[in-house]
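The listed protein sequences correspond, in order, to chains A and B. For reference, each letter of the first sequence is one residue, going 1 to 339 in the UniProt record's numbering. For reference, each letter of the second sequence is one residue, going 1 to 509 in the UniProt record's numbering.
Hints are computed from structural coordinates only; laboratory data are not their basis. The structure presented is a predicted model; accordingly, all values stated were derived computationally and were not measured. Don't take every hint at face value.
What the hints assert, rightly or not - Here are the simulated DSSO-like pairs of lysine-lysine, each with C-alpha atoms no more than 30 Å apart in a straight line:
| # | chain 1 | residue 1 | chain 2 | residue 2 |
| --- | --- | --- | --- | --- |
| 1 | B | K269 | B | K236 |
| 2 | A | K264 | A | K323 |
| 3 | A | K264 | B | K41 |
| 4 | B | K248 | B | K144 |
| 5 | A | K281 | A | K42 |
| 6 | B | K41 | A | K173 |
| 7 | B | K71 | B | K416 |
| 8 | B | K79 | A | K173 |
| 9 | B | K248 | A | K165 |
| 10 | A | K173 | B | K248 |
| 11 | A | K35 | A | K146 |
| 12 | A | K173 | B | K71 |
| 13 | B | K415 | A | K264 |
| 14 | A | K264 | B | K416 |
| 15 | A | K173 | A | K136 |
| 16 | B | K415 | A | K173 |
| 17 | B | K41 | A | K165 |
| 18 | A | K48 | A | K130 |
| 19 | A | K207 | B | K41 |
| 20 | B | K416 | B | K439 |
| 21 | B | K71 | A | K207 |
| 22 | A | K264 | A | K205 |
| 23 | A | K146 | A | K48 |
| 24 | B | K416 | A | K207 |
| 25 | B | K364 | B | K415 |
| 26 | B | K416 | B | K41 |
| 27 | B | K79 | A | K205 |
Letter by letter, the chains look like this.
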Amino acid sequence: MDAISDPAFQSTKSLKTAAEELPSLLTVIVDTTPKLWAELDKESGQNKNLIHTLQSLIVFLNAHLTFNSANQVCVIAAHSKGIKYLYPTTTVSSKENGSIKQNGDLKIISNNMYRQFRNVDETVLEELYKLMLEEKNAEIVDRPQKSTLSGAMSAGFTYINRTIKEQENTSLKARLVVLTCGSSSEKDEIFQYIPIMNCIFTATKIKCPIDVVKIGGSQESTFLQQATDATNGVYLHVPTTEGLIQYLSTAMFIDPSLRPIIVKPNQGSVDFRTSCYLTGKVVAVGFVCSVCLCVLSVVPPGNKCPACDSEFDEHVTARLKRKPVVPNSVAKKKRKPES
Amino acid sequence: MSSAPFKATVNEYLEDLPPQVQSRLYTSPATCLAIYRLLPKLAKFFIMSMVFNENDVSLRDLDRWVQSNGKFQLNEAIKSMKSLHLLIEGRSEQPFMINLNSIFRSSFRNALTGGEVNNSFGNVVENEHEVVLPEMLDQYAANKWESILHFMVGTPLTQTPSRNVLSLLQHSKLMEENNTGELQITNEGFQFLLQDANAQIWTLLLQYLRLAETLQMDPVDVLNFIFMLGALELGKAYSDSHLSDTQKIMLQDMRDYGLVFQKASNTSKFYPTRLAAMLTSDSMSIRSASSAMNTVLSQGTSSNSKADDTTAASDGREQDGTQVGIAARNIPDGAVVLETNFKIYSYSNSPLQIAILSLFVHLKARFSNMVTGQITRESIRRALLNGITADQIIAYMETHAHPQMRRLAEQTLDKKLELDPNCKEGLQILPPTVVDQVKLWQLELDRIINYDGYLFTDFDNSQEYSLLCDYSNDIGVLLWKDDKKRRFFVSQEGNAQVIDYAKRKLKKK
Chain A
1 MDAISDPAFQ STKSLKTAAE ELPSLLTVIV DTTPKLWAEL DKESGQNKNL IHTLQSLIVF
61 LNAHLTFNSA NQVCVIAAHS KGIKYLYPTT TVSSKENGSI KQNGDLKIIS NNMYRQFRNV
121 DETVLEELYK LMLEEKNAEI VDRPQKSTLS GAMSAGFTYI NRTIKEQENT SLKARLVVLT
181 CGSSSEKDEI FQYIPIMNCI FTATKIKCPI DVVKIGGSQE STFLQQATDA TNGVYLHVPT
241 TEGLIQYLST AMFIDPSLRP IIVKPNQGSV DFRTSCYLTG KVVAVGFVCS VCLCVLSVVP
301 PGNKCPACDS EFDEHVTARL KRKPVVPNSV AKKKRKPES
Chain B
1 MSSAPFKATV NEYLEDLPPQ VQSRLYTSPA TCLAIYRLLP KLAKFFIMSM VFNENDVSLR
61 DLDRWVQSNG KFQLNEAIKS MKSLHLLIEG RSEQPFMINL NSIFRSSFRN ALTGGEVNNS
121 FGNVVENEHE VVLPEMLDQY AANKWESILH FMVGTPLTQT PSRNVLSLLQ HSKLMEENNT
181 GELQITNEGF QFLLQDANAQ IWTLLLQYLR LAETLQMDPV DVLNFIFMLG ALELGKAYSD
241 SHLSDTQKIM LQDMRDYGLV FQKASNTSKF YPTRLAAMLT SDSMSIRSAS SAMNTVLSQG
301 TSSNSKADDT TAASDGREQD GTQVGIAARN IPDGAVVLET NFKIYSYSNS PLQIAILSLF
361 VHLKARFSNM VTGQITRESI RRALLNGITA DQIIAYMETH AHPQMRRLAE QTLDKKLELD
421 PNCKEGLQIL PPTVVDQVKL WQLELDRIIN YDGYLFTDFD NSQEYSLLCD YSNDIGVLLW
481 KDDKKRRFFV SQEGNAQVID YAKRKLKKK
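The shape of chain B in the complex, shown without the other chains:
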């Protein structure tokens, strides 16, 4: 949810690419896989149903698959597929007949069946002597990434990230130089901090892509590499022999962000970290980079990667007895409990989490495993003035909500649905009073809204006035009216329509 605006920009970036570049992208199975995962889920369903079907499909059939309450999702799915040129006109060239992009189809099929994938999923180097443990990689990635975040928050005594990172931060306007030449966090920077890790990495990588374009790097190469990184397996060494020159340069930069790890002695091999794996996974599985990694570090086992790794799965079986116990205690770091009296408790010890919380919470006390605070009008206003929006605050608290709050909300929703199956409400994880109040505090700030438009005055009679006024109201462009003084105001877009109507009607007389 919180990642929605930023994730959308990944899609938007891809949509903005010219069709030729898109087709070149689709030749890589790994990229197809990653793009597929970025699509809305209904689009995923449609694509899957068309991958093994060479014949044209009628748009009406797609429509028939979806119930009437899902039309919104249907339109969204079709729009996203069309703008990525995944859906093209059918070969029969009849209206409403569609087909899947043939390049995408064959690459995606290859990805699914393990056909010709041309090393797009990386080249594993099997070497028993140089095993890098996942814990070590996690620590490395956490160090690199958190040092960037800490630097942005301005925690004292943090090491400064490398020059590349700094220039990227500046380029993306997350930080800017102040009068004394020091880097200072901007409004966008504050917003950036509230995103989850997945969105944060994507934001930086998108900036990297824009930067890369100015450096004459081929976007296809860059994107292929990024998507490939997301598909690699944690804890395995990959050789760089199949990478293009552009990608080798990128490897150095990715090392600075903590996405890959390289041994100083041997730069021909690289190890993807959990941050890289997060690129193509969604925010729900890993709620926050630091929290996920902290849990891993504190557990000291690789039970989190159970799904990725069969050997880990078999390890997991052995420790079943202990694992259940761990799972019960497995509360993500930084879990937030929010009460209806605006009190907030965060089970976190990391200075980063606390620093982020202090952006919009009036922190009161700190204990060995948690901090407590209060959401006040002042604390929210301060955040709002920093350029953080109410939605972002709410989204942050929602994604970091304590599992218990989530469960409670699910239970209440279930109860409501039992009473009234047509209930349209969504899941309310946070107390609605607090959510509403935060939104109200934001509304306080923007009391004036300005519209561009045209004012209509000096009507001869009230009949003429009401004729035009009603018409503009009917077509939905009326913004304001004053019946006594016979004046009304229409928006800029609607003006031409109203004038046309006036010419038609008033000429007749």
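The following block holds chain A by itself, in its conformation from the complex:
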């Protein structure tokens, strides 16, 4: 039936309409936890890694705004004590705090810059400055800090969803870039598994690719790598912050409209294994909680799922704990040559 309504004219123009320019929204999640960056500084023997990264980030934002005049950006910081929108700001009174503007910290932004860039860059820097001031004044708490990266990603997706809904007329496309730094401890990442997985599902639902840049650190970030793989994104592991802008302006600059025709710069294989919730070991075969699907390498003590607290049936766990009964090995060996 559909064949009747198909167009009779196969226009050669279809190639051109495919090249139609659509505006896109870039959401950047940047991990600004000072502790992590300090560790990275120590490891690499290089100072000011965070500053370098932020400088590159600002130029990257400008580059995105250049790509199409209707392009939009959103920057979210995943900080030690929660997340913060760096742009667009949630604080209404950005004008009142003029004192910071004259503080000299914003001098790196030239007055004559393209206004569109300047507005974004100034706000981002101003908010970052405030964030760092707060950090400086805050009391030092000893308890281990949890990474807020997954929370920031969720916030990013909510923002993307809202913006797309609000601007249906322009058929906006969106993508999410995560800028994180290497030396996050393995243990920390484990507790992010479920939230990151949720983010992945959201991303596939709204067809938004996740790109990840990981700076420094020796290990690949397994879950973020899986996130990029599932959403058709790009995963890059960058050894140092030197030349970061080149990575950003090349591998991270693939606009959603260009994705179908560009070969993605992905490195070989993706580690699809998940890690044990308790021990943090990466497991190939393990136990799975039937309620929350949390993966464990050992049967948990206390017969309770450590993630969702649901209790397991004792009989079942007992059966799982049972060692396989090995029949007399001598008898086996005897039988084999016969057959």
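For this one, chain A is given, so just place chain B on it according to the hints.
Frame of chain A; chain B shown alone:
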């Protein structure tokens, strides 16, 4: 899409400039930014990857970036970059090694990082007392621009635009004097009306550029000024102290087109309007000048400029609750719904929109917020005879399609792609039946196509005939043949090749 032919002419104009003029253009960061935005998106990607890379890049590497189904775009991108002399031979002078034009690279880098931009993005005058509201600017621009369009359509009781505008309209052959000395719209004028606002402004500005050349104005100055206008921020006052004399003269002309606003009391300052901002933005963000401005006027808020302005963004946050409500109702003025039974509904009240629609639609009834009409063979033929092409009509209806139609088309396409991922179809916003029929009506008009070429007759035997006939068919120059009478016709370009072949083959015998 509809802007494609006209936008292309901006690029063509730039490509036609001699390399020396191009290099002078590239010294201005604002111009580099604007030119960058005019490029195909794959070219944008390549340039961005080369801006911070001083080393030569191999063409083969660029090729490797692109998947096999994107070769068309790759060639297009490389061609456009080469013709603008943005891609030059690498320093190592090895074959297939390329590099970015160094002048362009440094200016573009400056634009991105906010290095030395030398006032190319304008000089803001901060003055709290003389604030001009964006709404006022919109109204001003809409008045100026629509009065030009209304004048072209011939709406009665419209004020006549200034002499400058009239001479430009005449010069660009959009209007011409008829026997009685009155200005009358031409075929090009009709086509012009169907373009979106962005393309319309560019058409006029290109004509202005051609006119400027005859007046001995420096094209670099003129272009720099035009591109600068596109990069200015709405609602800010700019001083003209850094403009060259040529540019000061231009300022007066731009005022007539509604691109800038000047207060009568103080001519040393100027305010760019939304029309100017539209110069470097694409058609998708603002579908039509009048519609975009009408929406703004009716809303009375500056929520549209949210992306441009941080203060507006923070205002926007405050009114979040109301804003979502507005967004739902935010249907562009002149949104067109087209049904498969050729009925057309346009949600518009503006006489201009209605006048444009009536160029190719048989309008039936007018209601308080919409007009209805029917596309008929007669109405389309009338438009075609006026010199409007079927593609232009279709493009117009596509760009003005109601958001709901667009969404429906996107959903159908998604479904099709789910069923068959290799489906090559594009988005069909309009009902295919109507699109096909409009095209068929155009084909009705040109039943005769003429080709220049040569007729081959009087062959001695059928073997000789078939030898040459097959050859010309193989090289694709055969236009017509008659086996019985042993005659065939080849195109002009192919003739020499066929004769060469005939000499080679037939001499041997």
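Worksheet item: Looking back at the hints listed earlier, which ones does the structure fail to meet?
Response: 2, 9, 10, 15, 25, 27
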